[in-house]
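Chains as they are written, first to last, in this note's numbering: chain A, 2 to 262; chain B, 887 to 1305; chain C, 3 to 231.
A hint or two may mislead.
Computed cross-link-like contacts, DSSO-like style, restricted to lysine-lysine with a CA-CA straight-line distance of at most 30 angstroms [to be verified]: (1) B/K985 x B/K1014; (2) C/K209 x A/K249; (3) C/K218 x A/K11; (4) C/K151 x A/K249; (5) B/K1063 x A/K27; (6) B/K1030 x B/K1063; (7) A/K249 x C/K20; (8) B/K1014 x B/K986; (9) A/K36 x C/K218; (10) C/K46 x C/K57; (11) B/K999 x B/K1253; (12) C/K57 x C/K195; (13) A/K103 x B/K1118; (14) A/K109 x B/K1300; (15) C/K56 x C/K41; (16) B/K1300 x A/K103; (17) C/K57 x C/K171; (18) A/K249 x C/K218; (19) C/K16 x A/K249; (20) A/K249 x C/K154; (21) B/K1084 x B/K1014; (22) A/K234 x C/K218; (23) A/K249 x A/K109; (24) B/K1063 x B/K1031; (25) A/K71 x B/K1118; (26) A/K128 x B/K1001; (27) B/K1068 x B/K990; (28) C/K185 x C/K46.
Far from chain B by the CB rule (all over 10 angstroms, computed), these chain A residues [stated by the list, open to error]: (29) K36; (30) E39; (31) N105; (32) G118; (33) L131; (34) D132; (35) R141; (36) E147; (37) L232; (38) N247; (39) M252; (40) A255.
Since the hints were derived computationally from the structure, they do not count as laboratory data.
Everything numeric in this text was worked out from a predicted model, so none of it was measured.
Cβ atoms here follow ideal geometry from the backbone N, Cα and C, with glycine treated the same way.
So you can see what is in the structure, the chains are spelled out below.
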Amino acid sequence: MKDVGKSMKKKNKIVTNNITVDYGDKRALHGIDLKIEEKEVTALIGPSGCGKSTFIRCLNRMNDLITGCKVEGSILIDGTDINLPDTDIVELRARIGMVFQKPNPFPKSIYDNVAYGPRIHGLADSKNELDNIVHKSLKRAGLWDEVHERLDASGLSLSGGQQQRLCIARAIAVNPDVLLMDEPCSALDPIATAVIEELINELKERYTIVIVTHSMQQAARLSEKTAYFHLGKMIEYDDTSNIFTNPKHEMTEAYISGRIG
Amino acid sequence: MTDFNTSKRLKNRYKAEKRFKVYSMSALIIGIMILLTLLSSITISAIPAFTQTSIGVDVQMDDDDIQQFQDDPNEVSWRSIQKSSLYELFPDVESRSQKKELNKILSTAAYIKIKDFYLKNPKLLDKKNTIYVTASDDVDLVLKKIIDVTLPENMRTVSDDQLKYISFLSEDDRIKKQISWKLFQNSDSREPELAGLKGGIIGTLLTMFVTLIISFPIGVLAAIYLEEIAPKNRITDIIEVNINNLAAVPSIVYGLLGLAVFLNYLSMPRSAPLVGGIVLALMTLPVIIIATRAALASIPPSIREAAYGVGASQMQVIIHHVVPLALPGILTGTIIGIARAAGETAPLLMIGMMAFIVDVPSKITDKATVLPAQIYMWANNPERSFEYLTSAAILILLLILIIMNLLAILLRRKYERRW
Amino acid sequence: MTNHINSAFDEGLKDVNKQIAKLGALAETQLDNSLNALKDKNIKKFESIIERDKKLDQITAEISSSVFELLALWSPIAYDLRSLLVADRIGAILERIGDYSKNIARRSQIIVTEEEFDRLPVNIIGLGTHVQGLLHQVLDAYMELDIEKAMKIWESDVETDRLYLSIFKETLQVMAEDSDNIKMMTHLIFMSKNLERIGDYTTSIAKQTYFLIEGKFPETKRPKAMTTF
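Here chain A stands alone, though its shape is the one from the complex (with noise of 0.2 angstroms):
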């Protein structure tokens, strides 16, 4: 179980103060305060359109590109608040990496594919240097041995689970800290699934994970806190194993026991 004395002396990574969010007249997050421990993964559950994949898109500033949408409060990432209108948004996704639902590999290949985001970065300096972070990042998201010998493929040439850790493995290419994934595995078929899920609980260790599920047992089985979310509100946040054994809201128990209301 949870080792209290050590989750005590892990700092928050990520700090949400009063996100509200509209897009347009319609109002989707009201006023989310949320802390994020470092290394560490943190799962976002709740009823579709309740404002989760919102928030996530919040913290690596991909709101930005929806035209209309509004997003205020402060997102505190290591003290800094990212939300401030001179932040520099291509080196804060850069730190902050995103995973999507639909495996989303570029129509390159697959060495291509991981070595995009520090060519573009200027991450180094040699072939060889750039050949070492594509091997690094493979091998960390679990890909390498399955496409070591085939780098020059397309990307597109790989299987579901396969793509999704070549997406992976392109977002820890750019040296994040933090890793933002939204439902990476509803698309995959269960092997693949339970791949993914291995794969994060060794990247934690490294990165700290923000992760989004309508899967009520993924975000049981992977996560150390969890957020409910409902209709724009964080309804409860706690503990994965206070949530799942003995949640604190009504709501949430509805909600994760499949009750209605």
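Based on the hints, put chains B and C in the right spot on chain A.
Frame of chain A, contents of chains B and C only:
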């Protein structure tokens, strides 16, 4: 339980399905047949353009001429050599008017063949040689029985005497028909047997070149800005509506614009591919913009999100990811636009490219004409012989368009990437 | 608690509850019958009580397998998980209570057929009645999810212990005075021990009920009259 197998509804449905298939296949067949009919009729009618009738004359150069040739071949009076060689075949022809008639059997530029022959075979200068020279187009028409010889003489282009001369030469085996590529080697001429498309083809290519280098970069960049960068507000909506409207504007309006602004106000050279290219570029611009925007919009947002997610800037997302994937669509739209421009005549009319221009243009500021204009002018020519020339020119234009389309398909194949 | 969206799960849970209720009623009846049979020296009844115990075993096995299946198929969590685990545990407890009642009947059979006596020398019936009351109340507390009722049972074990102790002391005394009826007295000691154990089990049921409602076990130590005897 309903019986699924023998109901009447099922039979009717199968019949309806079959009818539908038959209808759609018939439509396809009808379309193909119309196309084939059109193409075959043009092709058949164009065949004579690729043949040349020649008449063999016996040429004996005298010593003065030989001497002159060795000094300067251009100073030799080839015309008189041509005439005298012909007269020798018809010793009975004496009067001036008859000789004139006789001469008309040969093309006005027939002597060039004699000159070329001796330039190629200088060793044969002192010998008597049977040299085949270009015949006038009337000879061909007579031999093909296109000219109605039963008509009274004053209703034909060929006189009775000429008919006699022609049949004599024919019986003497002096009339030869060969495949010739003069259509591609000569520029326009009043004489059908000498008229060629070289000027028109080069003019078209030069104009297309100008059109391409102006409309492609401007069109693609404008489309990128409108689709990827500009905020979606009323102003961009208005711009989009107006671009769509511009694509439907009749092409002659662009010609008027070209006349007023480029020729009159800016004093650019008249009848030049430069101006023609600019006018056609303006016409092609909306087509390219619309096609490029559609290609860009068809790229799914997941590609962009993936690139942004890794920390790419907007420019990097567009250049590294969106445009390469949209390239097949962009290229297709561009080639379609250019091909359409290649077949335009109305706007070029206003800026003077519908003129009879004999010289082959060498740069974009030279006077030139384009293939469609040439086709139009030849079609308007009353001489019978220009009929097959017009058909041949149409075939050439179609060939150029097909080559451009093939190019488009090849480029598409090369750059096609699935996502 | 509102219903589950998947009514099949609710059906399954309802079935388990019905079985537990049946098991609880049976356990109470067995205890009641065994005490009455002893009081009335009803030899025929002893046999039927012993025979009836098989039914309790069967129902307990059914409850266990239903719980197992529901856990496998529905992966319940939080309250649902607790309610299934608790049902399984209480089922096992009630089966053991039933065993003790059977044992009382068996021993009663022996002393009634082999010994001659007018009245029972010790107030084992009093202890039995008290324990019956506890069992009835705790099953009510479980069925009604009444945490206060459950906590009262948790605390009233003291009384059971006290009653048992006094019977024990009395029995020792009687045995010391008259060595002829040592056999009967020994059986009576065993029977009163069984009743005391039934009392203990009712506090277990109370503890599980508390766990079901609160999600954790009660913190206070259960008050006892003595440690061992």
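List in ascending order the numbers of the hints, as given earlier, that are violated by the structure.
Hints 5, 17, 21, 23, 26, 31, 32 are the ones this structure does not satisfy, whereas the remaining hints hold.
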